[in-house]
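Could you put together the complete structure from these sequences and hints?
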Amino acid sequence: RKEVEQDPGPFNVPEGATVAFNCTYSNSASQSFFWYRQDCRKEPKLLMSVYSSGNEDGRFTAQLNRASQYISLLIRDSKLSDSATYLCVVRGNTGGFKTIFGAGTRLFVKA
Amino acid sequence: DGGITQSPKYLFRKEGQNVTLSCEQNLNHDAMYWYRQDPGQGLRLIYYSQIVNDFQKGDIAEGYSVSREKKESFPLTVTSAQKNPTAFYLCASSPPRGTTNEKLFFGSGTQLSVL
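Which chain is which? The protein sequence lines are A and B, in order. Counting from 1, one number per residue, gives the positions in the first sequence under the working numbering. Counting from 112, one number per residue, gives the positions in the second sequence under the working numbering.
Watch out, some of these pointers could steer you wrong.
Among the chain A residues that face chain B by a calculated CB cut under 8 Å, a handful are [said to hold, decoys possible]: (1) Ser32; (2) Phe34; (3) Arg41; (4) Glu43; (5) Pro44; (6) Leu46; (7) Leu87; (8) Phe97; (9) Lys98; (10) Thr99; (11) Ile100; (12) Phe101; (13) Gly102; (14) Ala103; (15) Gly104.
Taking lysine-lysine and the BS3-like style, the derived pairs with C-alpha atoms no more than 25 Å apart in a straight line are [to be verified]: (16) A:Lys45 to B:Lys214; (17) A:Lys79 to A:Lys42; (18) B:Lys182 to A:Lys45; (19) A:Lys2 to A:Lys45; (20) B:Lys120 to A:Lys45; (21) B:Lys168 to A:Lys45; (22) B:Lys214 to A:Lys42; (23) B:Lys168 to A:Lys2; (24) B:Lys214 to A:Lys2; (25) B:Lys194 to A:Lys2; (26) B:Lys120 to A:Lys42; (27) B:Lys214 to B:Lys182.
Worth flagging that the hints you see were computed from the coordinates, not collected in a lab. Predicted model only: the values in this text are computed from it and were never measured. The beta carbon of each residue, even a glycine, is placed where N, CA and C say it ideally should be.
What follows is the structure, encoded as structure tokens:
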């Protein structure tokens, strides 16, 4: 089993749609969780940190369920510019700063 | 400006040759990482380092080596033992866990290709 698993995608949605990304992690000792966005052949950029209480930033909402070892990202009113790959990232407690990325889910938003 | 610098942007390797990818940061971060990304795939961890003179294998360390002699520098050597080295390589650093801006800072990547 991979340490971090995401929906395989790709997701093709029209502008204005709501889209949800799911991610599970295997190490229950993991401490920090993030969503990154990556455009083609560029370095990933931090989209949001994810907290147990849930957090929202404009059209983006992230949730963490530690009991189920599950992380989600919701994008509302999707824009063409949201087209990218979304990466789930988990940072461990054991092994120091080991930071593992999911394989990513590609999103295509179409007019 | 503070940041991470990777060089070169493009690198070509001949069969049986070792090549070294450079990664330098002036962010005063203790932790540094090397990831490999294949087309259409996510990032896979090669090596990471928590502190100077210490580093740990990631998930795909075979065929690679690193050193961490200075806090600012974490070079990655792709050895001839790595039979499929063509990929996009990303270096990153991060502040200590628990700090307010605990994100990974990435370099702009090196595309390595085999001649």
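Cross-check of the supplied hints:
Look at Ser32 (chain A): its Cβ gets to within about 6 Å of chain B, closer than 8 Å, so that hint holds up. Of the supplied interface hints, the one on Phe34 (chain A) holds, with its beta-carbon coming within about 7 Å of a beta-carbon of chain B, less than 8 Å. Restraint check, Arg41 (chain A) versus chain B: the minimum CB separation of about 7 Å is within 8 Å; hint holds. Below 8 Å, beta-carbon pairs count as interface contacts, and Glu43 (chain A) has one with chain B at about 4 Å; its hint therefore holds.
The criterion of a C-beta within 8 Å of any C-beta in chain B is met by Pro44 (chain A), whose closest approach is roughly 6 Å, and the hint holds. For Leu46 (chain A), the suggested interface contact is upheld, since its CB lies about 4 Å from the closest CB of chain B, less than 8 Å. Checking Leu87 (chain A) against chain B by beta carbon gives a least distance of about 6 Å; that is within 8 Å, so the hint holds. Hint status for Phe97 (chain A): holds, given a least beta-carbon distance of 4 Å to chain B, under 8 Å.
The restraint placing Lys98 (chain A) at the interface with chain B holds, with a minimum CB-CB distance near 6 Å, inside the 8 Å limit. The interface hint given for Thr99 (chain A) is met, as the beta carbon of that residue sits about 6 Å from the closest beta carbon of chain B, less than 8 Å. Taking 8 Å as the C-beta contact cut-off toward chain B, the hint placing Ile100 (chain A) at the interface holds, the least distance being around 6 Å. Proximity of Phe101 (chain A) to chain B holds as hinted, the smallest CB-CB distance being about 4 Å (cut-off 8 Å).
With its C-beta approaching chain B no nearer than about 6 Å, Gly102 (chain A) sits inside the 8 Å limit, and its interface hint holds. Hint status for Ala103 (chain A) relative to chain B: holds, with the closest Cβ pair at about 4 Å, below 8 Å. Taking 8 Å as the C-beta contact cut-off toward chain B, the hint placing Gly104 (chain A) at the interface holds, the least distance being around 5 Å. For a cut-off of 25 Å, the pair hint linking Lys45 (chain A) to Lys214 (chain B) stands: about 9 Å separates their Cα positions.
This hinted pair checks out: Lys79 (chain A) and Lys42 (chain A) have alpha carbons roughly 20 Å apart, not beyond 25 Å. With a C-alpha separation of about 23 Å, the suggested pair Lys182 (chain B) and Lys45 (chain A) falls inside the 25 Å cut-off, and the hint holds. At roughly 23 Å between alpha-carbon atoms, Lys2 (chain A) and Lys45 (chain A) fall within 25 Å of each other, so this suggested pair holds. A hinted pair counts as satisfied when its Cα atoms are at most 25 Å apart, and Lys120 (chain B) with Lys45 (chain A) qualifies at roughly 18 Å.
Between Lys168 (chain B) and Lys45 (chain A) the CA atoms are separated by roughly 24 Å; this keeps the pair inside 25 Å, and the hint holds. Using a Cα cut-off of 25 Å, the hinted pair Lys214 (chain B) and Lys42 (chain A) holds, with the two alpha carbons roughly 17 Å apart. Among the hinted pairs, Lys168 (chain B) with Lys2 (chain A) is consistent with the structure: their alpha-carbon atoms are about 17 Å apart, no more than 25 Å. Annotation: proposed proximity of Lys214 (chain B) to Lys2 (chain A) holds, straight-line Cα distance about 22 Å (limit 25 Å).
Under the criterion of a C-alpha separation no larger than 25 Å, the hint pairing Lys194 (chain B) with Lys2 (chain A) is consistent with the structure, at around 23 Å. A threshold of 25 Å between alpha carbons decides the hint, and for Lys120 (chain B) with Lys42 (chain A) the separation of about 12 Å falls inside it, so the pair holds. Distance hint between Lys214 (chain B) and Lys182 (chain B) is fulfilled; the C-alpha atoms sit about 18 Å from each other, no more than 25 Å.
Checked against the numbered hints given earlier, the structure satisfies every one of them.
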